[in-house]
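Heads up: the protein sequence lines correspond to chains A, S and Y, in order.
Using numbering that gives the first Met the number 0, you'd call the opening residue of the first sequence number 0 and step up by one each time.
Using numbering that gives the first Met the number 0, you'd call the opening residue of the second sequence number 0 and step up by one each time.
Using numbering that gives the first Met the number 0, you'd call the opening residue of the third sequence number 0 and step up by one each time.
In short, the hints are calculated from the structure, not lab data.
Mixed in with the good hints, there may be bad ones.
As the list claims (entries may be wrong) - Taking lysine-lysine pairs in the BS3-like style, the calculated list, with each CA pair at most 25 Å apart, reads:
hint, chain 1, residue 1, chain 2, residue 2
1, S, Lys414, A, Lys260
2, S, Lys321, S, Lys86
3, S, Lys352, S, Lys119
4, S, Lys352, S, Lys377
5, A, Lys260, S, Lys425
6, S, Lys321, S, Lys339
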Amino acid sequence: MTAPGARIQRPRAASPLPGTRRPRRRSRLVWRPTLVALAFLSPALIGLVLLRLAPAVVAFWQSLQGGGILSGGEHFVGLDNYVELFSSADFIGSLLVTLLFTVIINPVQVAIAFLLAVLYTRRAAGSGFWRSLVILPIAVPPAVSAVIWSVIYRPDGLGNAFLGMLGLPAQPFLTSPTQSLTAIMVLLSWVGVGYWMLFLIAGINDVPTELYEAASLDGASAWRQLWTITFPLVRRPLAFVLVADTVSNFLVFAPVQILTKGGPEGSTNLLMHDIFNRAYTLGDLNTAQAEVIILVLLTLAIVAVQFRLLKSEDAA
Amino acid sequence: MRRVSLALVALSATAALALSGCSASSSDPGSADGSVVKLLGAEDPATFAPVISAFEAENKGTTVKYTQVPFDQLSSTLQQRLAAKDKDIDVYTVDQPNVSQLAAQGFLEDLSDLKDQAKKATTPEQYSVNVYQDKLWALSVWNSTQMMFVNNDALAKAGIAAPTANPAERWTWEQTVDAGKAAQAAGSKWGLLFEQVEGYYQLQPLAESLGGGSGITGKDMLTADVTNPGWTKAMQWYADLYSNNVSPRGVGGFQTSPVFADGDVPFFIGGPWDVGKFAENAKFNWSVVPMPAFAGGKAVTPNGSWSWGINPASDHKDAAKKFLEFAALNPAGNLATTEKTTIIPANTEAQAKYLPTLEALGGTHSAGVADLITEEIKTTAVPRPVSVGYVQFESMMNKAFADIRNGSPVEARLKDAQSQIEAAWKKLR
Amino acid sequence: MSVTVTRRPRRLRTGYLLLSLVGALIGLAFLLPLWWTLVNSLRPGSDTFAFLNPLSWQTFFTLSPNLDNYVTLLSGDLGRAIGNSLFISVVTVVAGLLICAMAAFGLSAIPFRGRGAIFGIVILSFLIPFDAIAIPLADMFRDWNLQNTFIGLILPGIGNGMAIFLIRTFFLAIPTELVEAARLDGLGWWGVFRRIYLPLSRPALIGAGLTLFLFQWQAYMWPLLMGTDQNHIVGPVALSNLQGQFNVDYGVMFAASVILTLIPLLIIMICQRYFIQSVSTSGLK
Numbered sequence: 000m001t002a003p004g005a006r007i008q009r010p011r012a013a014s015p016l017p018g019t020r021r022p023r024r025r026s027r028l029v030w031r032p033t034l035v036a037l038a039f040l041s042p043a044l045i046g047l048v049l050l051r052l053a054p055a056v057v058a059f060w061q062s063l064q065g066g067g068i069l070s071g072g073e074h075f076v077g078l079d080n081y082v083e084l085f086s087s088a089d090f091i092g093s094l095l096v097t098l099l100f101t102v103i104i105n106p107v108q109v110a111i112a113f114l115l116a117v118l119y120t121r122r123a124a125g126s127g128f129w130r131s132l133v134i135l136p137i138a139v140p141p142a143v144s145a146v147i148w149s150v151i152y153r154p155d156g157l158g159n160a161f162l163g164m165l166g167l168p169a170q171p172f173l174t175s176p177t178q179s180l181t182a183i184m185v186l187l188s189w190v191g192v193g194y195w196m197l198f199l200i201a202g203i204n205d206v207p208t209e210l211y212e213a214a215s216l217d218g219a220s221a222w223r224q225l226w227t228i229t230f231p232l233v234r235r236p237l238a239f240v241l242v243a244d245t246v247s248n249f250l251v252f253a254p255v256q257i258l259t260k261g262g263p264e265g266s267t268n269l270l271m272h273d274i275f276n277r278a279y280t281l282g283d284l285n286t287a288q289a290e291v292i293i294l295v296l297l298t299l300a301i302v303a304v305q306f307r308l309l310k311s312e313d314a315a
Numbered sequence: 000m001r002r003v004s005l006a007l008v009a010l011s012a013t014a015a016l017a018l019s020g021c022s023a024s025s026s027d028p029g030s031a032d033g034s035v036v037k038l039l040g041a042e043d044p045a046t047f048a049p050v051i052s053a054f055e056a057e058n059k060g061t062t063v064k065y066t067q068v069p070f071d072q073l074s075s076t077l078q079q080r081l082a083a084k085d086k087d088i089d090v091y092t093v094d095q096p097n098v099s100q101l102a103a104q105g106f107l108e109d110l111s112d113l114k115d116q117a118k119k120a121t122t123p124e125q126y127s128v129n130v131y132q133d134k135l136w137a138l139s140v141w142n143s144t145q146m147m148f149v150n151n152d153a154l155a156k157a158g159i160a161a162p163t164a165n166p167a168e169r170w171t172w173e174q175t176v177d178a179g180k181a182a183q184a185a186g187s188k189w190g191l192l193f194e195q196v197e198g199y200y201q202l203q204p205l206a207e208s209l210g211g212g213s214g215i216t217g218k219d220m221l222t223a224d225v226t227n228p229g230w231t232k233a234m235q236w237y238a239d240l241y242s243n244n245v246s247p248r249g250v251g252g253f254q255t256s257p258v259f260a261d262g263d264v265p266f267f268i269g270g271p272w273d274v275g276k277f278a279e280n281a282k283f284n285w286s287v288v289p290m291p292a293f294a295g296g297k298a299v300t301p302n303g304s305w306s307w308g309i310n311p312a313s314d315h316k317d318a319a320k321k322f323l324e325f326a327a328l329n330p331a332g333n334l335a336t337t338e339k340t341t342i343i344p345a346n347t348e349a350q351a352k353y354l355p356t357l358e359a360l361g362g363t364h365s366a367g368v369a370d371l372i373t374e375e376i377k378t379t380a381v382p383r384p385v386s387v388g389y390v391q392f393e394s395m396m397n398k399a400f401a402d403i404r405n406g407s408p409v410e411a412r413l414k415d416a417q418s419q420i421e422a423a424w425k426k427l428r
Numbered sequence: 000m001s002v003t004v005t006r007r008p009r010r011l012r013t014g015y016l017l018l019s020l021v022g023a024l025i026g027l028a029f030l031l032p033l034w035w036t037l038v039n040s041l042r043p044g045s046d047t048f049a050f051l052n053p054l055s056w057q058t059f060f061t062l063s064p065n066l067d068n069y070v071t072l073l074s075g076d077l078g079r080a081i082g083n084s085l086f087i088s089v090v091t092v093v094a095g096l097l098i099c100a101m102a103a104f105g106l107s108a109i110p111f112r113g114r115g116a117i118f119g120i121v122i123l124s125f126l127i128p129f130d131a132i133a134i135p136l137a138d139m140f141r142d143w144n145l146q147n148t149f150i151g152l153i154l155p156g157i158g159n160g161m162a163i164f165l166i167r168t169f170f171l172a173i174p175t176e177l178v179e180a181a182r183l184d185g186l187g188w189w190g191v192f193r194r195i196y197l198p199l200s201r202p203a204l205i206g207a208g209l210t211l212f213l214f215q216w217q218a219y220m221w222p223l224l225m226g227t228d229q230n231h232i233v234g235p236v237a238l239s240n241l242q243g244q245f246n247v248d249y250g251v252m253f254a255a256s257v258i259l260t261l262i263p264l265l266i267i268m269i270c271q272r273y274f275i276q277s278v279s280t281s282g283l284k
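Okay, chain A solo, but in the shape it has when bound (with noise of 0.2 Å):
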């Protein structure tokens, strides 16, 4: 990562000298810059375009052929797999699924991620410690998550066992239509929260320590400083946080694969498995690149309403 022992090299110019806008000549200003920018960006925009809307370019035409293998070869279609996929019961519920999911899991994880950032940069014992802990779950590999969860959720498994404990009733769990989305969104926020909260704990500790200093001697509560500090001046990575996430859980499907297959009647049939299930398993991958189109449309359209309520705050 960063390389040890790099000197710190404060920077100079930290004395900021008011008046510093000073005009210059707007020949320069104006395509100079574009340049350099473009200059910075080029490496990684040949790369976007060249590894994933190069390709997304191709899945979008391939959305648009269709044809088995007994009738030999693809041709156009136009738009009936899109026709198709809208007429299908299975394909409206899993759209629901995931919209339902989505409209859960990312506020919950976000909110859940913050609190365990501000509770993890407080002073206290071993926090680093304990940090290390949550973060931990993201480290390991999709598979064995989805083992150990399984375990979890069998019902004579780890989890009834300590309900049993509590003295409460056995849960079906992964069995159960109506706890199966659920049972999912705890396993991925076990395994996501804590790489939240990291991107959080790195905005917080930017936060100057003295507000802090300042709020206390004003007298203000811990609690009114986490709202009337912390929160506002963490907006940004909260933002990133809120968009990153919303992104990855559209596209989770692993532990849907490994553990429910979509069941029980389709409770779990996240728009992801959906099509990884169709390109891969099934292999219709013209319909599956028609899901992909569609995701992605949804994806933009969740993100971009984020983005417009975020930036009314001030955020991007």
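Let chain A serve as the given structure and place chains S and Y on it in line with the hints.
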């Protein structure tokens, strides 16, 4: 992120280039002194080491290189790589019901000139699974069947006499469930458990036993038929296992055989591979008996395992064919494929040599297994249907099994499955 | 801080204790499932499900730990796979961080027309699910003869829209006055990037580095599509290969996953200290 790391970038980029350069040049060793046959499969490399070295000893100058792909991703990986005409695959293992689809897609080399030899080498069922549109596309290497494993201690506790290994004294499912319930009353956690709780391979015999057929009919084998009385009755029986707590919900994947090994269930439906597993892990008195059938129904056992085929894009088809013939048609070669794993060789001659070894694995516990397997393969075996649409069919059916197990109403769920399968098949035409 | 401590020592001490306790409890709760995995990697696979319910001390402890499962792993491909995964991940992190940080700098420090549009492209690229476009991308890579090469495995991880988005978020927090002053002092754009932006955004860079690292460390579908001969096998594929068709030894599988988890854990622990120091001094804000 300074000079050090910039140097690192340069260094690692060069290293990457160097490494990829090396491997690019080494991945295609010239065919100066013979050729290299590349085999792709889902087994541990140790499994195929004996057959590979036996082949290499007989065919000096030809080497076989094996690549393992995880089992759960094998068919999707094959689909993508064969479609791209990947030359890094010469011979590959094919799950038998997928033969027709792969053949229809043009991903298998026509082996029809081997028809006579192939017919002689194995059972009629194991020959027919490799035939699509009157042509032979693959050769059977492994075969399988299912049996019932019994925890005799648990039955003794309930005062029930255990079934025997004699197929003529095959138990009925009704009898098995009653005995299982009695064992539960006597302290057993569960009554009966299938190894592949949501797998078509193990559940097909239930419907077949009641005359429901495989679920696929029609001249082109693209008509779904899973709502007939046979299927409905069989699946209702299966659903009742779970709603009556005879079988556990939520235990799946590879977690079923430990339930038997831990002594928590008196009856377990499993395969030959479980003989070795239980010989190692089960610390009670167990035995192996025939898979039950429904009262008044037909005795049916699952059948089939893996065939091997040749990639039409291969550059080494002749050498590949030689290797394939060795592994499937040559009894010694076929036997070598099962040296390191517990699975039945498909070659009849190799099977006869192999079964006594299998029976010896479990000592007195597995007494009679060799005869039982021979008999089941000869008389009760029903292979999975040969259809270009099998992949879609199996995927939809497995989902339906999972839902039925978790309590979905049987009739409605089968009807859903039927229409889902038909929708998926429409895309093939 | 010392002022407050002397003023309200009692309240602070109970607060300190309470926070420590809550922090510890939550940390342990997150650890518990992994602890169970660790314990089961130290006993034979046949015992994995033996102590599930009811809970007993044996569920979470074993008196006879042994390393047999780890010894079994030595004979397989895992060692080589971990080496390959580490190599791929480290190259991706180093090259990816540089490329992404440069892009983020271009998007945050230098005002120019069309910035919004380019940011839009970045966001769009990270909304596209990689596993879904892997199939067309694999076809492109095969045309470029990249199958079974490290370049083919590394490249898709390098341009990462989320990393750019993340670093940009933190770059935006750096006051523009600082840039203007530095420019007046004669510092070029590269200098501003290297001497001001990079050192001031270390937590973000570490976070982005972790994102890039995990993308490659957990890559599964892509390596399978690109070909995984024994020279190019990666960790998750080797792990899945342990899961046979008829059988899986959970003891061995858990041992492998403990090893696959330990390496990112070590990296996270090492990077922790950079998070603890608040990087931007308060004078800057």
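We went through each hint and held it up to the structure:
In summary, the hint linking lysine 414 of chain S to lysine 260 of chain A is supported, as the alpha carbons are separated by about 19 Å, within the 25 Å threshold. In summary, the hint linking lysine 321 of chain S to lysine 86 of chain S is supported, as the alpha carbons are separated by about 18 Å, within the 25 Å threshold. Only pairs whose Cα atoms come within 25 Å are accepted, and lysine 352 of chain S paired with lysine 119 of chain S is accepted, the gap being roughly 17 Å. As the CA atoms of lysine 352 of chain S and lysine 377 of chain S are separated by approximately 16 Å, the hinted pair is consistent with the 25 Å bound.
This hinted pair checks out: lysine 260 of chain A and lysine 425 of chain S have alpha carbons roughly 23 Å apart, not beyond 25 Å. Distance restraint check for lysine 321 of chain S and lysine 339 of chain S: the Cα-Cα separation of roughly 22 Å lies within the 25 Å cut-off, and the hinted pair is therefore satisfied.
Of the numbered hints given earlier, the model fails none.
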